[in-house]
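A.B. asks: Residue numbers (our numbering), protein chains in the order written: chain W, 1 to 699; chain A, 1001 to 1699.
Just so you know, nobody snuck in bad clues.
Just the calculated beta-carbon pair ranges, DEER-fashion:
| no. | chain 1 | residue 1 | chain 2 | residue 2 | range |
| --- | --- | --- | --- | --- | --- |
| 1 | A | Gln1150 | W | Lys449 | 40 to 48 Å |
| 2 | A | Gln1446 | W | Lys224 | 36 to 44 Å |
| 3 | A | Gly1325 | W | Glu83 | 47 to 55 Å |
| 4 | W | Glu248 | A | Arg1559 | 51 to 59 Å |
| 5 | A | Ala1635 | W | Arg633 | 19 to 27 Å |
| 6 | W | His426 | A | Arg1034 | 33 to 41 Å |
| 7 | A | Ala1392 | W | Glu60 | 39 to 47 Å |
| 8 | W | Glu248 | A | Pro1556 | 53 to 61 Å |
The list that follows gives simulated cross-link-like pairs (lysine to aspartate or glutamate, DMTMM-like), each with its CA atoms no further than 20 Å apart:
| no. | chain 1 | residue 1 | chain 2 | residue 2 |
| --- | --- | --- | --- | --- |
| 9 | W | Lys448 | W | Glu377 |
| 10 | W | Lys602 | A | Asp1603 |
| 11 | A | Lys1602 | W | Glu599 |
| 12 | W | Lys637 | A | Glu1599 |
| 13 | A | Lys1637 | W | Glu527 |
| 14 | A | Lys1624 | W | Asp603 |
| 15 | A | Lys1602 | W | Asp630 |
| 16 | W | Lys602 | A | Glu1599 |
| 17 | W | Lys22 | A | Asp1362 |
| 18 | A | Lys1602 | W | Asp603 |
| 19 | A | Lys1046 | A | Asp1019 |
| 20 | W | Lys624 | A | Asp1603 |
| 21 | W | Lys624 | A | Glu1599 |
| 22 | W | Lys637 | A | Glu1527 |
| 23 | A | Lys1022 | W | Asp362 |
| 24 | A | Lys1624 | W | Glu599 |
| 25 | W | Lys551 | W | Glu527 |
| 26 | A | Lys1637 | W | Glu599 |
| 27 | W | Lys602 | A | Asp1630 |
For the chain W half of the interface with chain A, some residues (derived, Cβ under 8 Å), not all of them:
| no. | residue |
| --- | --- |
| 28 | Ala315 |
| 29 | Gly345 |
| 30 | Arg627 |
| 31 | Gly634 |
No lab work stands behind these hints, which were simulated from the structure alone.
These numbers were taken from a predicted model, which means no experiment stands behind them.
Even for Gly, the Cβ is constructed at its ideal location relative to N, Cα and C.
Listed below, chain by chain, are the residues.
There are 2 protein chains.
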Amino acid sequence: MNLDPLLKPCSIAVVGASDNPKRIGGVPVDLLIRAGFEKLYPVNPKNETVQGLKAYPDIESVPEVVDLVIMALSADATLPYLERCHARGIPAALVYAAGYAETNEAEGIARQDALVDFANRTGMRIAGPNAMGNANFTDAIFTSFGQSFQPGEPAGDCALVTQSGNMCATLFRTARRAGVTFSHVINTGNEAGIELSDYLDYLAGDPNTASAVCYIEELRDGPKFLQAAARFRAAGKLLAVFKVGASEKGAEATRSHTAALAGDAAAYDAAFARAGVARAGELTGLADLAYLHTLGERIGGSNCAILSISGAAGAILADALALNGAQVPTLPGDVQEALADQIPGHSMVSNPIDMTGNIVNDNEFVTECIRLALSPEDIDLLLLYMPGQFLANAQEQVERAAAASGKAIIVVDTFAMADRERLAAHGIGCFEDFDRAARAVCAYGQWKKAGARAPAALSASAAWPAFPAGRTALSETEAKQALAAFGVSVVQDALVQDREDLREAADFVGYPLVAKLVSPDIAHKTEHGLIRLNLSNADAVAEAFDEMMDKAQSMPGVRIEGVTLEPMLSGGVEILAGVTRDPVFGWLLTVGMGGVWTELMKDACHSLLPVDAGGAERMLRSLKGFRLLDGYRGAPKADVAAAARAIAALGDAVLAGGDALREVEINPLLVLPKGQGAVAVDALVLLNAESQSEVEEPA
Amino acid sequence: MNLDPLLKPCSIAVVGASDNPKRIGGVPVDLLIRAGFEKLYPVNPKNETVQGLKAYPDIESVPEVVDLVIMALSADATLPYLERCHARGIPAALVYAAGYAETNEAEGIARQDALVDFANRTGMRIAGPNAMGNANFTDAIFTSFGQSFQPGEPAGDCALVTQSGNMCATLFRTARRAGVTFSHVINTGNEAGIELSDYLDYLAGDPNTASAVCYIEELRDGPKFLQAAARFRAAGKLLAVFKVGASEKGAEATRSHTAALAGDAAAYDAAFARAGVARAGELTGLADLAYLHTLGERIGGSNCAILSISGAAGAILADALALNGAQVPTLPGDVQEALADQIPGHSMVSNPIDMTGNIVNDNEFVTECIRLALSPEDIDLLLLYMPGQFLANAQEQVERAAAASGKAIIVVDTFAMADRERLAAHGIGCFEDFDRAARAVCAYGQWKKAGARAPAALSASAAWPAFPAGRTALSETEAKQALAAFGVSVVQDALVQDREDLREAADFVGYPLVAKLVSPDIAHKTEHGLIRLNLSNADAVAEAFDEMMDKAQSMPGVRIEGVTLEPMLSGGVEILAGVTRDPVFGWLLTVGMGGVWTELMKDACHSLLPVDAGGAERMLRSLKGFRLLDGYRGAPKADVAAAARAIAALGDAVLAGGDALREVEINPLLVLPKGQGAVAVDALVLLNAESQSEVEEPA
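One chain only, chain W, in its complex shape (with noise of 0.2 Å):
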């Protein structure tokens, strides 16, 4: 969507424009007339002038076609104005009124819906309602009623787009104090027209852009976020997002004043790995991020080194970047033994580095130290603690090291008395917290590190069979095989309906063998006494089968479709692999292993589809309970890539389905050793009855 008549306009009329610059209708054209605007119209039928311009009464006596009209009237009178606008043509309007969706009344939320009908109709592009206003420093540009914005403030390159007016002016002013400067400050209000995936879509094409932070309450659109994100990434820019409701109260809270979907955080999670954005934890981390990224090319990841003047900052250091996801690795001997002899005394030299107190006797040798702890390859940047005074003797050889140095340095001082303009004129960092420094350092060195994966192609390998109207569920038979025609090796059964049948299946299977009654309508059989296992001849097996038909036919309204008889496969490891979907982001994978584990645990690992082997893999392996697949105890290694290879078909086959699905789960999935494979030995398919021609609840 081209937002420049909304971000860039060359001519704006304030509808409601205010001869009081304090007042709602009066601080974007008080803000407009001090940065100097020229095509700008007051709209005011009650005044001659407004702020010393001369007013119009109305849109249509404007003498121009602007290109955006700021909305400063009440909801009520909102939309129909909006129509007088559209009739002339202008192409973008921003609603300051409030009194929509975010009221979470029936009135409101009937306001927005015909704000949204407007917008489909007319295709003008509205920003808000209920927004604040945005200003661009590029162009000096501000249609904010707030006032945080002001007309002087240096320009910069990162854009802040936030889903919170608050929230804007705190990160800005965060932001600022950090040194960071903005090209755009956007507050996108409720959404009606333009969402925050639009806007990051400009964000990623505006060449006065090099990196986007962002708050976010609610996506509306996954994949358009995932496109937008793609675009920063492949121009090089960085998009750092801190997301608010990670709690039970927080998202609450966030839902009941905005009116977008509610996605699962797990899939929000998956999706911003997927995206490769840079994550924030904590909403100052987005001011840092902001911060870290105009040193952006000196950091290559958050392999750490530390060089302080103090063993216990140097320790603090090392904790709070290890809790944070960051390496401080061991440095070379030779360099060890370089830095020994640089340093008077003896002290700490492996990493953390103790320059100890000496260096107020001799600031020399911090220059080399700084230049041999930044030498190994595997150093991505450096941590230095100095401390007020300490750094103010020795600023001048840390400036030294910088400029002989394409690496970042990364000041911590603690005492906060650093110069950070001189600093920053350097190209070197500065934070007065340990751990808001670590925390920031990990994020971005991993977002810098990892480049997003590029989704896997789909193989599309085989189709589903038609689905019967009216059906919810497949049996576990039909979802196994559905499942193999997609390269899933399934545990061969035999669906045995009647008594007479049961010796000659259970010869074909072999024994020992398991025994499931078969039925759609029962989700979890072992609770109801309806898997038995390691029956080991046919008195057993025949025993099984009456009790268990006898249980299913007492239970109201089930239907019965007999019991099949698997082998009862010994060895092995149980993991778990399904799909759902996400209202947001669309299809989820998660992978865990066996169910007391995902469930007691929440050893899980979430991923966006498709996912190929290799993803599948990096998934498997990232559960802490991956272990127990790796040779755990003496056992024999399980066959990781056969499970890879199956959840990955697992994955194909819930995109082939597509919308006809609701959900598709193995469990378990067992992983046989190395080499034998991974079969389903049972397997879930809901249907999404609603894109069935008959629906049908199951009893």
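Guided by the hints, dock chain A onto chain W, whose structure is given.
C.D. replies: Then chain A, alone, in the frame of chain W:
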């Protein structure tokens, strides 16, 4: 230890006093003169005067026996001079010099050992060496060579105790920025004489100290720390700690410059929990805890109400509080209704409460909103998001609410514009960052709520058998017999040494059974194939006996005591309980689910001994895997009470065994269905060879 001569001296001599107020020997003279300290005696044989005061050529010529001598001499010169000070009857000394154990060199370590010997021999109270000195703001006594602590700073009731001079200055500045004022600032240095816990013990009894915040690298004497912490709690004083060394690299860096014992991180966690101290996860958190303690009487716990002018801020705070373990309870219906009546328009009132931007039109309802939000009994405090001008405009309304309530109000002002002093004068706290506020509120509230549990009384119900000299382990049978004497139920077994006795023993135990090889020299029997499960007849038992004996006889240097037969128990849930000895804190009890859970998932809980059955049950319930004991997926509930009694009995047994023991473990402890008890299936007792007359290492 009475530290008045060190921390509250009436007279001070400075040996090595310098005329230059910037030099190490000059700083304390300068500070003390400026603080108006009267009985100050510079000792310097080369000068007639020092900074305008008469100088004395040596300690012997100082006209009175001073309380404290500050030693500003080199490391080599220090000890001989201390002997002279002791000869004059001076009770306390502060040693600035470095060059002791922190160097990690033999020479320095020997110097420190000599200093320790001197302190032990003479009883002289020695602070340091390698200490920066202290500041007593209450009495305006400055003994530091650092410039961070200046006369004229306001005195307060927080004590700062650190094991690093630099963190001392960092914390002091951070806390002062928050508005905290101090009674004492203490840097412990190398702790050759007086250690951190001695200072804490003194401060617990100091009437001018209401709280202490500690930066800790390593503790030298765990029990002494626990005693000092208990005195803090008994006096209603806050003791807050930050411990460095959580990561491998952090611990390595810490140990390289302390001469203390290396305690286990889990033991520190257990000790801090037992001690009932407040725990900061970040260094700045210590300053924030000290700051919150100034509002302490208003804060009852960490159940928070959130009142905000921004739905986003409410959600962010709810997330941050939940992440850190606080609660955001849903408000009662009548309170919600009353809030909805107060707040213009419709917004969220369940908690978080969203006042919306309507506050700009009317501030008056803020007072009543605060009253309502704090009215439910289960709400401990209010987090109030009103940044910048929003607070400035409604400050009187907030102050009226604070005056009317005994509970705490914590303002979060992300615009960093609040008048903190004015707020403090009204008993209102203020943070500028969502997450720092949440971390501090949670840690402080949890400390306030959790009374340290009094250690359980030791029942000492039995005694251990005499351990034969030279043994380093008991056999499984011996171990289970010994634990049974303390009340642990154990699996009845029969030890068979002669193949001819096998059938009779098996008939006695009953089929199916488990056979295990018994040897004091083999720890992991499963991995060696020396445990055979589910043997269902005499032939199977005989075959297992032969194979295991052959296998064991082929292992070099292994003593074989025979094979035990035990009943093969079915049902029940396996857990483990073990006790190891931490060098700092003594016995550390670990409780976890079966081996894989504890090893791969780190799902274990630790506690210092003693632990009674109630404490053991709390440990079990804190495990993620506890649901496996609690009737998971339709299984019968396990006998948790019996398991807890067995764990407590294990603890009692270990305490009774004392120094003769090295490690005792029950693994597995099989917890049977409720009412059927919990039995130790296997037990390991390792003996402390050093405490016995003859020492013999296992083969």
